[in-house]
Amino acid sequence: RKEVEQDPGPFNVPEGATVAFNCTYSNSASQSFFWYRQDCRKEPKLLMSVYSSGNEDGRFTAQLNRASQYISLLIRDSKLSDSATYLCVVNERGFKTIFGAGTRLFVKA
Amino acid sequence: DTAVSQTPKYLVTQMGNDKSIKCEQNLGHDTMYWYKQDSKKFLKIMFSYNNKELIINETVPNRFSPKSPDKAHLNLHINSLELGDSAVYFCASSQSPGTSYEQYFGPGTRLTVT
Numbered sequence: 001r002k003e004v005e006q007d008p009g010p011f012n013v014p015e016g017a018t019v020a021f022n023c024t025y026s027n028s029a030s031q032s033f034f035w036y037r038q039d040c041r042k043e044p045k046l047l048m049s050v051y052s053s054g055n056e057d058g059r060f061t062a063q064l065n066r067a068s069q070y071i072s073l074l075i076r077d078s079k080l081s082d083s084a085t086y087l088c089v090v091n092e093r094g095f096k097t098i099f100g101a102g103t104r105l106f107v108k109a
Numbered sequence: 001d002t003a004v005s006q007t008p009k010y011l012v013t014q015m016g017n018d019k020s021i022k023c024e025q026n027l028g029h030d031t032m033y034w035y036k037q038d039s040k041k042f043l044k045i046m047f048s049y050n051n052k053e054l055i056i057n058e059t060v061p062n063r064f065s066p067k068s069p070d071k072a073h074l075n076l077h078i079n080s081l082e083l084g085d086s087a088v089y090f091c092a093s094s095q096s097p098g099t100s101y102e103q104y105f106g107p108g109t110r111l112t113v114t
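Protein chains in written order, with the numbering used here: chain A, 1 to 109; chain B, 1 to 114.
Each hint should be verified, as a subset may be incorrect.
Derived DEER-like restraints, expressed as beta-carbon distance ranges [to be verified]:
| no. | chain 1 | residue 1 | chain 2 | residue 2 | range |
| --- | --- | --- | --- | --- | --- |
| 1 | B | Ser65 | A | Gly16 | 43 to 53 angstroms |
| 2 | A | Cys40 | B | Thr13 | 21 to 31 angstroms |
| 3 | B | Asn17 | A | Ser28 | 37 to 47 angstroms |
| 4 | A | Ala109 | B | Glu53 | 42 to 52 angstroms |
| 5 | B | Lys9 | A | Ala109 | 26 to 36 angstroms |
| 6 | B | Glu102 | A | Ala17 | 25 to 35 angstroms |
| 7 | B | Gln14 | A | Ala29 | 35 to 45 angstroms |
| 8 | B | Arg63 | A | Leu80 | 24 to 34 angstroms |
| 9 | A | Asn12 | B | Gln14 | 35 to 45 angstroms |
| 10 | A | Ala17 | B | Phe42 | 24 to 34 angstroms |
| 11 | A | Leu80 | B | Asn62 | 40 to 50 angstroms |
| 12 | A | Lys79 | B | Ser65 | 37 to 47 angstroms |
| 13 | B | Ile55 | A | Lys79 | 35 to 45 angstroms |
| 14 | B | Gly28 | A | Asn12 | 35 to 45 angstroms |
For the record, the hints were derived by calculation from the structure and aren't laboratory data. All of these numbers come straight from a predicted model, not from anything done at the bench. Idealized CB from N, CA, C, for every residue including glycine.
Put together the whole structure using the sequences plus the hints.
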């Protein structure tokens, strides 16, 4: 089993749609969780951290379920500019950062 | 004003050569990283340095040797390049090692070994 697993997609959605991505992680001792965004041929950039209580940033909502070792990202009212690869990131004890392989999103007009 | 910079941006070289990639951050961070992103876009950590000391070495072949002359710089030297080394190499930095801090990435160095 991979340490961090994501559905690679691609997800093809129309503008204005709501889309959800999921991620599972294998190490129950993992300590912190993030979603990063990577545009084509660019570097990854932090989208948001993920907290146990769930957190929201504008159109983006992230949730964490430690019992199920599951992280989600919900994007509401998708924009063309949301087209990118979304990377689920898990930090383990001992400073190790593990990236998922990413989920590709295409938002169409 | 670039936060994390890498040079060169592109590197094309032949098998067997030795090459270096340089990374600098001006964020005042204590921790720096090297990642490799292969053709399948999978981003994998290679090394992590905190205050110039190596804290993570993820079973990378010893042909790869990182060097941190000071907290703001982390260079990567690769000996005897192989075809499988072709990838994009990203440098990153964070405020502290571990778990809660955002990592800032450089623009990447696209290495092609022929």
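Against the structure, the hints:
1. Ser65(B) - Gly16(A): 43 to 53 angstroms: For Gly16(A) against Ser65(B), whose Cβ atoms are near 50 angstroms apart, the range 43 to 53 angstroms holds.
2. Cys40(A) - Thr13(B): 21 to 31 angstroms: 24 angstroms, holds
3. Asn17(B) - Ser28(A): 37 to 47 angstroms: 44 angstroms, holds
4. Ala109(A) - Glu53(B): 42 to 52 angstroms: 50 angstroms, holds
5. Lys9(B) - Ala109(A): 26 to 36 angstroms: This hint holds: roughly 32 angstroms between Cβ atoms.
6. Glu102(B) - Ala17(A): 25 to 35 angstroms: 28 angstroms, holds
7. Gln14(B) - Ala29(A): 35 to 45 angstroms: 44 angstroms, holds
8. Arg63(B) - Leu80(A): 24 to 34 angstroms: 43 angstroms, violated
9. Asn12(A) - Gln14(B): 35 to 45 angstroms: 40 angstroms, holds
10. Ala17(A) - Phe42(B): 24 to 34 angstroms: This hint holds: roughly 27 angstroms between Cβ atoms.
11. Leu80(A) - Asn62(B): 40 to 50 angstroms: At roughly 46 angstroms between Cβ atoms, Asn62(B) and Leu80(A) fall inside 40 to 50 angstroms, so the hint holds.
12. Lys79(A) - Ser65(B): 37 to 47 angstroms: 44 angstroms, holds
13. Ile55(B) - Lys79(A): 35 to 45 angstroms: 39 angstroms, holds
14. Gly28(B) - Asn12(A): 35 to 45 angstroms: 42 angstroms, holds
Of the hints listed earlier, the one the structure fails to meet is number 8.
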